[in-house]
Every structure is written in C-alpha cells, then in structure tokens.
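There are 2 protein chains.
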Amino acid sequence: MTEPTLDIVAIGNAIVDVIAQADDDFITSTGVTKGSMRLMDEPTSDHLYSRMGPGREISGGSAANTVAGMAMMGARCGFIGQVADDQLGEVFAHDIRANGVTFNTPARAGQPSTARCLILVTPDAQRTMNTFLGASQYLPEAALDRDLIASASILYLEGYLWDPEEPRAAMKAAIEIAHQAGRKVAFTLSDAFCISRHRADFVKLLDSKAVDILFANEVELLSLTELEDFDVALDQVAAKVPTLVVTRSEHGAVAVQDGRRVAVGAEPIERIVDTTGAGDLFAAGFMTGQVQGRSLEDSLRMGAIAAAEVISHYGARPEAQLDELIRSRLG
Amino acid sequence: MTEPTLDIVAIGNAIVDVIAQADDDFITSTGVTKGSMRLMDEPTSDHLYSRMGPGREISGGSAANTVAGMAMMGARCGFIGQVADDQLGEVFAHDIRANGVTFNTPARAGQPSTARCLILVTPDAQRTMNTFLGASQYLPEAALDRDLIASASILYLEGYLWDPEEPRAAMKAAIEIAHQAGRKVAFTLSDAFCISRHRADFVKLLDSKAVDILFANEVELLSLTELEDFDVALDQVAAKVPTLVVTRSEHGAVAVQDGRRVAVGAEPIERIVDTTGAGDLFAAGFMTGQVQGRSLEDSLRMGAIAAAEVISHYGARPEAQLDELIRSRLG
Numbered sequence: 001m002t003e004p005t006l007d008i009v010a011i012g013n014a015i016v017d018v019i020a021q022a023d024d025d026f027i028t029s030t031g032v033t034k035g036s037m038r039l040m041d042e043p044t045s046d047h048l049y050s051r052m053g054p055g056r057e058i059s060g061g062s063a064a065n066t067v068a069g070m071a072m073m074g075a076r077c078g079f080i081g082q083v084a085d086d087q088l089g090e091v092f093a094h095d096i097r098a099n100g101v102t103f104n105t106p107a108r109a110g111q112p113s114t115a116r117c118l119i120l121v122t123p124d125a126q127r128t129m130n131t132f133l134g135a136s137q138y139l140p141e142a143a144l145d146r147d148l149i150a151s152a153s154i155l156y157l158e159g160y161l162w163d164p165e166e167p168r169a170a171m172k173a174a175i176e177i178a179h180q181a182g183r184k185v186a187f188t189l190s191d192a193f194c195i196s197r198h199r200a201d202f203v204k205l206l207d208s209k210a211v212d213i214l215f216a217n218e219v220e221l222l223s224l225t226e227l228e229d230f231d232v233a234l235d236q237v238a239a240k241v242p243t244l245v246v247t248r249s250e251h252g253a254v255a256v257q258d259g260r261r262v263a264v265g266a267e268p269i270e271r272i273v274d275t276t277g278a279g280d281l282f283a284a285g286f287m288t289g290q291v292q293g294r295s296l297e298d299s300l301r302m303g304a305i306a307a308a309e310v311i312s313h314y315g316a317r318p319e320a321q322l323d324e325l326i327r328s329r330l331g
Numbered sequence: 001m002t003e004p005t006l007d008i009v010a011i012g013n014a015i016v017d018v019i020a021q022a023d024d025d026f027i028t029s030t031g032v033t034k035g036s037m038r039l040m041d042e043p044t045s046d047h048l049y050s051r052m053g054p055g056r057e058i059s060g061g062s063a064a065n066t067v068a069g070m071a072m073m074g075a076r077c078g079f080i081g082q083v084a085d086d087q088l089g090e091v092f093a094h095d096i097r098a099n100g101v102t103f104n105t106p107a108r109a110g111q112p113s114t115a116r117c118l119i120l121v122t123p124d125a126q127r128t129m130n131t132f133l134g135a136s137q138y139l140p141e142a143a144l145d146r147d148l149i150a151s152a153s154i155l156y157l158e159g160y161l162w163d164p165e166e167p168r169a170a171m172k173a174a175i176e177i178a179h180q181a182g183r184k185v186a187f188t189l190s191d192a193f194c195i196s197r198h199r200a201d202f203v204k205l206l207d208s209k210a211v212d213i214l215f216a217n218e219v220e221l222l223s224l225t226e227l228e229d230f231d232v233a234l235d236q237v238a239a240k241v242p243t244l245v246v247t248r249s250e251h252g253a254v255a256v257q258d259g260r261r262v263a264v265g266a267e268p269i270e271r272i273v274d275t276t277g278a279g280d281l282f283a284a285g286f287m288t289g290q291v292q293g294r295s296l297e298d299s300l301r302m303g304a305i306a307a308a309e310v311i312s313h314y315g316a317r318p319e320a321q322l323d324e325l326i327r328s329r330l331g
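Going down the list, the sequences are from chains A and B.
Per the numbering used here, the very first residue in the first sequence carries number 1; after that it's consecutive.
Per the numbering used here, the very first residue in the second sequence carries number 1; after that it's consecutive.
Rather than coming from a laboratory, the hints here were simulated on the basis of the structure.
Just to be clear, a hint being listed does not mean it is correct.
[Unchecked claim] Derived CB-CB ranges, DEER-like:
#1 A:Asp147 to B:Ser249: 50 to 60 Å
#2 A:Ala200 to B:Ala107: 40 to 50 Å
#3 A:Asp23 to B:Glu42: 31 to 41 Å
#4 B:Val262 to A:Asn104: 56 to 66 Å
#5 B:Ala107 to A:Pro140: 51 to 61 Å
#6 B:Glu324 to A:Gly35: 41 to 51 Å
#7 A:Pro268 to B:Pro242: 48 to 58 Å
Each residue gets a CB set at the ideal place from its N, CA and C atoms; glycine is no exception.
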C-alpha cells in the first residue's frame, strides 16, 4: 500500500446552482416539499426557471462543495463528475479548479446540458432544490480515474448520485478501487427522499462494510432506519460503520467513532441567509480535521465552523478563507 | 404625441458578470487600473478567467442594471441589447424578464458568445471590470424596436455602448426616434477611460442637445471637461443639459436641473461589499423619482438609497425589495 498523495477524491453530481429568492407561496405553487431536493427533467426545469425570480449562478453539487471547502482548508483534493461541453460546464470546471481541486473528467459532447439545480431560498433561509441532472447522470465507469482514486486517503461519495444508473455503477466500482488500495470510503446519505428511493441499497452498502465514514442529518438517520427515536437510530447505524457523523441543524452535531460518542453545539452565527451547502461543508470540516489527525471533537467543531460560514451567504461554496477562520476559532 | 406606456427603455450591453474576490496584487498582475473597466477579446478574457478565483455569475450590464432596479421600484421598463443564443444569453434574458423588464431583442446565432464581464472585487470592495463584449457589440440598428422606444418617457443610453460600431449607430438612431416621439433622452458617461476614447463624440452629443438627463461621477465629469475644479466642471456641463446628475461616492451626489443645484449625502450603510452597480442603481433611483414626479432632492435620495443597497452585496442587481426600502426611508 503506497502513501496517499491526495487527502480525498470525491465522486458527485457536477452541478451549477441557480439561486433565487422565493416566498412560501411560490414553493407551495411548485408542488414540492420545502427543504427537500426534487429531480426534474429539462422541460420541467425550464418551466420552473421561467417562473422563478432573477438568479445567481454559483457552482454547486454536494460532494463538489465538500471538496471545494476542504481544499480551502488546505486538504489535497480531487473531484470526479460529469459536465457537458457547454458554458455552465466551463463554469463548473473553472470554479472547482480555481478552488485548488484536481478535476480531469472530460466534458461530455452534445445533449443533455450540464446539470443545474434551481434553488429557491425562502425568507427563513431554507433552500428547496429542483435538480435537472443533465450530463451529470451519464458519468460512466470508464471516466473514473483509477489512479486518482487509489491515490487518496478517502473516497467520498454522495447519495444523490445513486439515482442515475451509470454513476451508481461507477461509484460501486470506485469503492472497490479504494478498498483494494487500502483507502477509506466516506458516504453521505444526502436527502430523506433520496433515502426513500434507495433505502435497501444503502442498508446493504452499510451491512457489506463498504462505508467507513457515514454522514447524515437527523431526518436522514431516522429515514434510513425507519425509526422515530434518535438515540436508538444512532446506535443502530453506529454499529454498522466505524465513524458515523450526524448533523442536527441548530442543535449541532454528534459523532460516534469506534463506540465513542461526542457531541458539539452549532457555531454562533449573526444571520442565516441560505442553508444550501450546510451539510456539505460540515462534512468538509469534519474530514479535514480527520485527515489532519485532529480529535473527534475538534473535527466536529471544524465541521460546525465551515457550515456556519456557508449558511451566512448565498451559495454552497465558501466565501471566507476557511483556513483562517478555523485557525482563529480553533487554533 | 401619444401618452407614454413605459417609463423608460434602455439600450445597453447585455452582459453576464462573473464576480470573484481578488487581492490587490492580483489586480496589479493583470495590468489593469483598479476600479476601471477594460475591454478585452475572448482569448484574453479566457486567460484571465483561468487565472482568477471561483466566481458567481449574476446578470449585469450598466443600463440593464438600471432598468432592473427601476422595475423593482415600480417603473415600467424595457431593455434592448444583444445576447447570443447560448446559456449565458438565456441567463441574461431570464433575469431581466424576471425583474419585470420587457426584453424582446432576438438572441444572435453563432459566435461570439454572450458578453461577460470578469469582475474582480478587492477587500476594499472596489470592483475592477474586464469586459469581453461578445454578441453585445453586434446590436444592429435593425434590432431596435421603434415602437418600444417611442412608447417610453425616457430613452436611456450607456456610454459603454459607444465603443462598438453597430450599437453606436443604433443608439444614434434611437435618439432620433425618441426625440421625434417627444421623449427625453438620458445618457450615462459610464467610465473615465470610455470618455477618453470618445470625448469629442460625447461633447458633440451634449452640444447638439441630444441629451436631456446626463449622469456622471466626479472623475467622469472632470475627464469629460478636462478640468480640475469640480464646481467649474459642473457649471460648464450643466449649461449643456437640462438635468445633470453627478455622483460623488461617499460624498453623496449633486444635481443641477434648469439652473437649480441640489446636493444630498450618501445613505448610511453597514458594510460595503462590492461597489459594482453603484452608479447604475443611483441612476435607477433618480429616474424613478423623476418619472414619479418627485422633487429633485427626493429623486437624488432615491438614487442614494438604491446605490447603498446594491453595494451591500455581490452583484449589480438589487437583492432587497427596493420599493419597500424607499417607502421606509422616504415615505
């Protein structure tokens, strides 16, 4: 087993977010559950776009946000994801590379276009996501850079990418590559509706010991276990993975690692503007702490600090220098 | 002369801004004067893009920002400008229409792509703009909607659009249409470097009484007159136009209308994030006040309030509800 040259390589949807303000009535009129992520085809996405307010385009994608954040905290990162050969694809590629992340997946010619997520942010700072997966759903196993995956301490996968067929197969292959190279696999459950679509698969993944670090929020943990009691659900899932991290919004987060349970509170924040990316950046902070050899508690606090930064402004990519922020808060 | 059905129609560059944070050293390394606007060809723009940090794309264009702001304040607005038939063109068209502005200029097929402005924002909130005019520079006179122009109380033109040949000719034709319909023409000098490229033309425009309302900032006023004394320059230009409005950054603004001079201070603001669009939104507030029949002083204050909003966040389009903001501050 060779020494890893990267800290993490992530596989995820390569998405550009289109973020607009909206009121609750507008969310209701779109027929979607506030706070959730809904998949839609291109005509539906175009129709919603024509109805929504003026937007701002900021690169997104759950796992991509995580590695962008980790790179800002000094971690060595790579990303694998499928964009189309179009302007939004260029935007995505530029932004993630400008964050210092290695990104080499070739753009895909022709239709569909690069994935976009129409994000409606309500005055309570909640985000409701409407995703057209576009080119992202055609990430083929053949596009995997096997050497890149084998070179990273952690392979990080997003549950969202379990929806489309080709990337799902690619992720399974990537898990094999990572484990054969002696690397860890981290996985985020992404979204309760995503879990309801793939619960059996996700449970099988955990039972087969494919996952070393699992990220979930409270709702996702309960959805996965189909339980109502948080502590029971936490124990049940913690028994399946070496490291389990569960975020609880304003109540902070809890981790269980090899039987030891640690909790931290949420970081104080002046004003929450847009919760998009909170979970992604929590994962970024936590994993950066872990690859830096920090304690479980400090890793959780790094997650909380990174999450607090990203919800203080529009967009799921950090604006402030996260490394300085963590140095000032944590030392 | 029929009653106008629109308050304003603007002709301007149809641009999507790509906004990134940068430090002063980076600005120096690009060889551009901080705070200015520089035109560049596509390869130069692509090269700068590859070097700059992760961005956020927000629709821009000076006159387009102005009408977007005016529409948010309740004015009836139209816009004429040239986008290409590409994703950024769709973004521009969506955003301005979502702001409630009538925009019908057909997208242009083929190359070049939609205009983009790489905006580098330094920690002092100054913006330095690097513009690839793309499709915008091919706005043909034939694309002018003559009825739209004749239907608006004010025709608003941006000096920036004087650079490319076709739109310059189109703007001259538009001035004819507006004046024949008994409408007013408003013009912004845009930028000191733009003035240095077109000083003789701009002076001729003023001397020929083509302009009824002129907008400039302090530097632009001095550049136009090639004078060093603000008051002398103000008097000289005020003699050429019925209404002259000059913004002075943190020192507020002054207007001279039919010989009467009024000044207001800048609006208080908690934190300046990005000065992009300050002049555009000042013009928006001022003209909205004028078409609402407000006093010269109140019109200036509306300009100051709108400018203060847009510099409190990234991007040159307002985020807050400007109409409510003005009601709460001005009644």
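Hints, verified against the model:
no.: 1; hint: A:Asp147 to B:Ser249: 50 to 60 Å; result: 53 Å, holds
no.: 2; hint: A:Ala200 to B:Ala107: 40 to 50 Å; result: 47 Å, holds
no.: 3; hint: A:Asp23 to B:Glu42: 31 to 41 Å; result: 40 Å, holds
no.: 4; hint: B:Val262 to A:Asn104: 56 to 66 Å; result: 60 Å, holds
no.: 5; hint: B:Ala107 to A:Pro140: 51 to 61 Å; result: 33 Å, violated
no.: 6; hint: B:Glu324 to A:Gly35: 41 to 51 Å; result: 26 Å, violated
no.: 7; hint: A:Pro268 to B:Pro242: 48 to 58 Å; result: 54 Å, holds
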